[in-house]
Amino acid sequence: NIVLTQSPASLAVILGQKATISCTASESVNKFGINLMHWYQQKPGQLPKILIYNEFSRAPGIPARFSGDEAELNFTLTIEPVEADDVATYYCQQGLTFPLTFGSGTKLEIK
Amino acid sequence: QVQLKESGPGLVQPSRTLSLTCTVSGFSLTSYGVSWVRQPPGKGLEWIAAIWSGGSTDYNSALKSRLSISRDTSKSQVLLKMNSLQTEDTAMYFCARSGYYWYFDFWGPGTMVTVSS
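Residue numbers (our numbering), protein chains in the order written: chain H, 1 to 111; chain R, 1001 to 1117.
It should be emphasised that the hints constitute simulated quantities derived from the structure, not laboratory data.
This one's a predicted model, so the numbers in the text were calculated from it and none came from an experiment.
Hints may be right or wrong, so weigh each one.
Residues of chain H clear of chain R, computed beta-carbon distances all greater than 12 Å [said to hold, decoys possible]:
id: 1; residue: Leu47
id: 2; residue: Ala59
id: 3; residue: Ala64
id: 4; residue: Thr76
Coverage of chain H stretches by chain R, computed from C-beta distances (three or more under 8 Å per stretch; other residues unrestricted) [claimed, not checked]:
id: 5; segment: 16-30
id: 6; segment: 33-39
Virtual Cβ for every residue (Gly too), placed ideally from N, Cα, C.
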């Protein structure tokens, strides 16, 4: 199974500043040159929402404040500038092989 | 528009079998895959099972012996059965749609399943 190690577990950021969330995969999630790493946002009491798919592609309606990147199996979700509405838990998920796996989540709070 | 909606019993006794139904609209089950994902209270997301657009299936290896996923395309429904339920299976159960790259672009609102006597 591909293990996704997500960090930090929680993060407090000042409004308007940058939040960086990391997700390290235990092996490659690349298929034909595309990293099948996806990011979700789950606000309290709500269902998850896709933010970023295939490493860096924003889902429809997702603002440019959200971006994805990768370096040597280490995937990063960046939110800049952070807004109050971004308070949520963020999850990474790999779509390369079954079983599909999620990271353990990062809870973002406003400082 | 694309919609998914889960239905289930709510409360299940330990050791019994859980049956969940995901009813979809706005897309065809022969064009998209559907997965079940669960989330215990206060915890993270766990993928459980998937049925591909072609009808093949995949399961979480830790749960595989207890699971069965199937579909009825005429009713636009995906069915999940899980046997030998334990208290640890208490969770919100979501169904979600996937395309070729296996990310979940649409989710149902979820159905809470509590395992208790």
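How the hints compare with the structure:
1. Not every Cβ of chain R is farther than 12 Å from the Cβ of Leu47/H; the closest lies at roughly 5 Å, contradicting the non-interface assignment.
2. The beta carbon of Ala59/H is not kept farther than 12 Å from every beta carbon of chain R, the shortest such distance being approximately 7 Å.
3. The beta carbon of Ala64/H sits about 19 Å from the closest Cβ of chain R, which is more than 12 Å, so the claim that it is off the interface holds.
4. Every CB of chain R lies more than 12 Å from the CB of Thr76/H, the least distance being 17 Å, so the non-interface label holds.
5. For the segment 16-30 of chain H, the stated coverage by chain R is violated: 0 residues have a C-beta nearer than 8 Å to a C-beta of that chain, whereas at least 3 were required.
6. Counting residues of the segment 33-39 of chain H whose beta carbon lies closer than 8 Å to any beta carbon of chain R gives 3, which reaches the threshold of three, so the coverage claim holds.
Checked against the numbered hints above, the structure violates hints 1, 2, 5; every other hint is satisfied.
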